[in-house]
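Engineer: Using the sequences provided together with the hints, build the complete structure.
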Amino acid sequence: MSTYQEILAQIEALKQQAEEMRQAEIVGVIADIRQKIADYNLSAADLGFGAPARAEKPAAGKRGTVKAKYRNPATGTNWSGRGVMPKWLKAELDAGKAKEAFLIADEGAQV
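The sequence shown begins at 1 in the UniProt record's numbering and counts up one residue at a time.
Hints were generated in silico from the structure; no laboratory data involved.
We treat Cβ as the ideally placed atom computed from N, Cα and C, and that holds for glycine.
Treat the hints with care, as some may be off.
What the hints assert, rightly or not - EDC-like cross-link-like pairs, simulated, lysine to aspartate or glutamate; straight-line CA separation at most 20 Å:
1) LYS15 x GLU25
2) LYS36 x GLU25
3) LYS90 x GLU100
4) LYS67 x GLU100
5) LYS69 x GLU100
6) LYS69 x ASP106
What the hints assert, rightly or not - Just the calculated beta-carbon pair ranges, DEER-fashion:
7) ASN41 x LYS90: 58 to 64 Å
8) ILE26 x ARG82: 53 to 59 Å
9) ALA91 x GLY48: 51 to 57 Å
Structural biologist: As structure tokens, this is what we get:
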């Protein structure tokens, strides 16, 4: 009957033997894969190695571009109404002008 230590030694010897066999087979496997890639004209994307596909909907917290809603008549700069109010509009509001005075007219609207 074998002892525990003898079995552990056999396991280690078998692991080493398996790794040596694996290394010997890798060369042939790689050559076979390369040949098949060439034969079938495959790309990395065909094999699933390309960049992962993007989800259709934008990630949470991400917004698309928004049409400008306000325009500075002096400089022509625009603001969508999102985010921090630009300094030019804040200065105009502080001077007593109405925010609506800077709205960009909707070109598709009927008058």
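Engineer: If a hint holds in the structure, say so; if it does not, say that too.
Structural biologist: Cross-check of the supplied hints:
no., hint, verdict
1, LYS15 x GLU25, "holds (15 Å)"
2, LYS36 x GLU25, "holds (17 Å)"
3, LYS90 x GLU100, "holds (13 Å)"
4, LYS67 x GLU100, "holds (16 Å)"
5, LYS69 x GLU100, "holds (10 Å)"
6, LYS69 x ASP106, "holds (9 Å)"
7, ASN41 x LYS90: 58 to 64 Å, "holds (60 Å)"
8, ILE26 x ARG82: 53 to 59 Å, "holds (55 Å)"
9, ALA91 x GLY48: 51 to 57 Å, "holds (55 Å)"
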